[in-house]
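Just so you know, the protein sequences line up as chains A and B, in that order.
Going by this note's numbering, the first residue of the first sequence is number 4, and it counts up by one from there.
Going by this note's numbering, the first residue of the second sequence is number 64, and it counts up by one from there.
Hint data in this document are derived by calculation from the structure and do not stem from the laboratory.
Do not rely on the hints blindly, as some may be mistaken.
Away from chain B, derived, C-beta distances all over 12 Å, residues of chain A [said to hold, decoys possible]:
no.	residue
1	A137
2	L339
3	Q352
4	Y358
5	T370
6	G376
7	E435
8	I442
9	Q450
10	R462
11	F465
12	R506
13	E519
Derived Cβ-Cβ restraints for the label pairs, each shown as a range [unchecked claim]:
no.	chain 1	residue 1	chain 2	residue 2	range
14	A	G344	B	L150	43 to 51 Å
15	B	L150	A	R288	52 to 60 Å
16	A	G99	B	L150	20 to 28 Å
If you want a taste of the chain A side facing chain B, the calculated C-beta under 7 Å gives, among others [as the list claims (entries may be wrong)]:
no.	residue
17	L77
18	L78
19	A80
20	L310
21	S436
Cβ atoms here follow ideal geometry from the backbone N, Cα and C, with glycine treated the same way.
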Amino acid sequence: MILGAACLAVANAAILLGAHAVLVRVRVADRAVNVALLLLLRLFLISVVVLLCGATGFLAPLPIALLSVFALVLLAAFGCHRGVQVPFPDVHPALGVFLAIVLARLLAQVWFFSPYSGDALSYHLPKIAEWTRAGGFTREMGLDTHVTFPAGFELIETWWVLFLRHDVLIEMAGIEFLLLAFASTYALASRLGLNHNFALFAATLYGLTPGLHFQSTACVNDAPVAALYVATMTLVASNSSIALTLLPVGLGIGIKPTFCYALVGIILVWWLARRAKEERSASTRATWLLSGLSLAAGAFWFARNLLWYGNPIHPVGAQGLKGSNPIQFGFRSGSLAGNLGDLVGHRIQDASAPYGPYVNDISGWGTAIVACGIIAFLLSMGSSAAFRRVAAGFVGSLVVVLALVIHDPWSMRFVLFFPAILAIATARMASESRGILGIAVAGLGLQFVATALPKELPREVFHELARQGWRERSMAKLYQLDVPSDSIGYFADSRNVAYLWYRPDFSRRLVYLRAETADELRAQLKKANAGFVYAAPAHSNHYAVVQECESRSWLRRLRGFVYAVD
Amino acid sequence: MNLEGSSKHTFARLAVLTCCFAVLAWRIAKVSPKELWRDIAAVISVYCAAALLVHRPEASRVMAGCFMVYLLIVHAVSHLPHSFQVLGLAP
């Protein structure tokens, strides 16, 4: 573990120094934008390294650590470490202390939380477990219908589990994107005329947006999409070159198609500001090269799906995706009316449910953003042309995304980028009035309290997790998911908890079973040499298969959905 | 909001803003008969805002502040019980 931690430290140092070296070649004049760019470049380099190592079968700590040492030596030889500056900006003391507390709490959440959210356990994380166990990308990624979706965020998560071969730090991937959201909001707010401390206040308000905050430690990818959206909007609003703007676009495409939906608003802002003078990067050629690589990395998953399944967006077709977790394909006015109506009608009040990463039937925007942001937004629209232009982009993206996603209780997680403009508007008004600053600070305090624990981890559950040692910390114990074996068969046809069976150190092998008859299931279990099986099918024909195996004494129920193979 | 300029222009802008905020607050709050205090808070907010409009140039900001306090209370009362429950602080 010590060697793994050392490899992680070296690899992160190399990536950070490498990102800085690249930044020197693509940076712009605005320092605030460059901070966001540095974080973007770090995420880009990690994505490329994990993608290349995964595709070539070198996804292991040692090859990457050796590569990192080589990169560090090379970067030092070229003197790249000399220009590094650690910025400690002059922050208002109260805000500085508050930010330090938020950061410390985030790190505690990373340490004590263990993957718990449904989508992550069912289809995001099982592929990471398979990749980590195999040392490279695998065709086997699990049984969920969504396993073939783009996995750009999973690349960053893989980075944080690979070296320790343990998922204790996996939430750091989300924190990286939360930092990007913070830095991008700060840069955008600065660009819209806010001074240093109020731009930081805007970024803090957005960073503590409950939906975004909980997504960042839940191993799901809507917060990363939101962060990349704000980063892209910042680059466009800063009149950066198209080449530089394509850097976050490539990363966003590779994470989730909802990012592409939201691009409409960004294109609108670019079009509105097309006559403004372009702010050129230090090297145009280097910027185009980077953006080309970023787009290629984003397109990787679609190309893979085209190659494997003949459809870049498999399993979604022209009719969308049917089943228990349906997906809409294309524009639907009904979805727009439903999503927008629910948002304005009741979700914005956050009254239906506690906060969590999926913002079930709530907006997840939080007290300060809702109470101050909406009114401040209206007032700012009337008084600043620059704000109006950017706000038009945010509103455009909101409308387009809500028209393109199905109207279900979780649809608001796809528009978690929108509170960023409300946070900026709030900080803008707070900078003009001490009274409004007081109201916003009160709202921020409530948001801080509300973002301590997600609804999936109430205090009792959190205590259970915290009581476990970090090596074995997992929700599996709470769900009583354990068998005395290093391999287990897995038979489920709907959203389930596959990832928990791998154990936090990925030491258990999961054999995914795809059987339509009892004989097929028995044959696959024999072939896999698995002594136990987790069988939790939702479809009636699959349930009948399990029942038949039980009646023929091939499976013996131990508890719940756990069976011994006889 | 810049309220300088002709009084007619100022009045028109404030009227539009007031309507916007009123509709917004109504949509968000959707006051139920059991929660009369919200109505009372809204009425007081609007009354204070209207009173201030006549005398203060920064009236729109004050009015906005009143609505913000109103929405803050509405939102906090709607959501905080959920958060307290998650944190184990609910009675």
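(message) For Y358 of chain A, is the shortest CB-to-CB distance to chain B above 12 Å, so the non-interface label stands?
(response) violated (7 Å)
(request) Check the non-interface label on E519 of chain A: least C-beta distance to chain B beyond 12 Å or not. (result) With a cut-off of 12 Å, E519 of chain A remains clear of chain B, as the shortest Cβ separation is near 42 Å.
(message) Beyond 12 Å on every Cβ pair: is that true for A137 of chain A relative to chain B?
(response) Given that every Cβ of chain B is farther than 12 Å from that of A137 of chain A, nearest at about 38 Å, it holds.
(request) Please settle this one: F465 of chain A was flagged as non-interface, so is its CB more than 12 Å from every CB on chain B? (result) F465 of chain A is in fact no farther than 12 Å from some Cβ atom of chain B, at 9 Å.
(request) Verify the interface restraint on A80 of chain A: the C-beta must sit less than 7 Å from at least one C-beta of chain B. (result) Not OK, violated: A80 of chain A not within 7 Å of chain B, min 52 Å.
(message) If we take the beta carbon of L339 of chain A, is the closest beta carbon in chain B still more than 12 Å away?
(response) Nearest chain B Cβ is 17 Å from L339 of chain A, so the label holds.
(message) Over 12 Å from every CB of chain B: does Q450 of chain A meet that, or does the non-interface label fail?
(response) violated (10 Å)
(message) A cut-off of 12 Å on Cβ-Cβ distance, and I442 of chain A was said to be off the interface with chain B. Does that hold?
(response) With a cut-off of 12 Å, I442 of chain A comes too close to chain B, as the shortest Cβ separation is near 5 Å.
(request) Go ahead and decide if the range 52 to 60 Å is satisfied by the Cβ distance of L150 of chain B to R288 of chain A. (result) Given range 52 to 60 Å: holds, Cβ gap about 53 Å.
(request) Would you assess whether R506 of chain A, listed as outside the interface, keeps its beta-carbon beyond 12 Å of every beta-carbon in chain B? (result) holds (28 Å)
(request) For G99 of chain A and L150 of chain B, compare the CB-CB distance with the range 20 to 28 Å and indicate the outcome. (result) holds (26 Å)
(message) Holds or violated: the hint that S436 of chain A contacts chain B, with Cβ atoms closer than 7 Å.
(response) holds (5 Å)
Of the numbered hints given earlier, the model fails hints 3, 4, 5, 6, 7, 8, 9, 10, 11, 14, 17, 18, 19, 20; all others are met.
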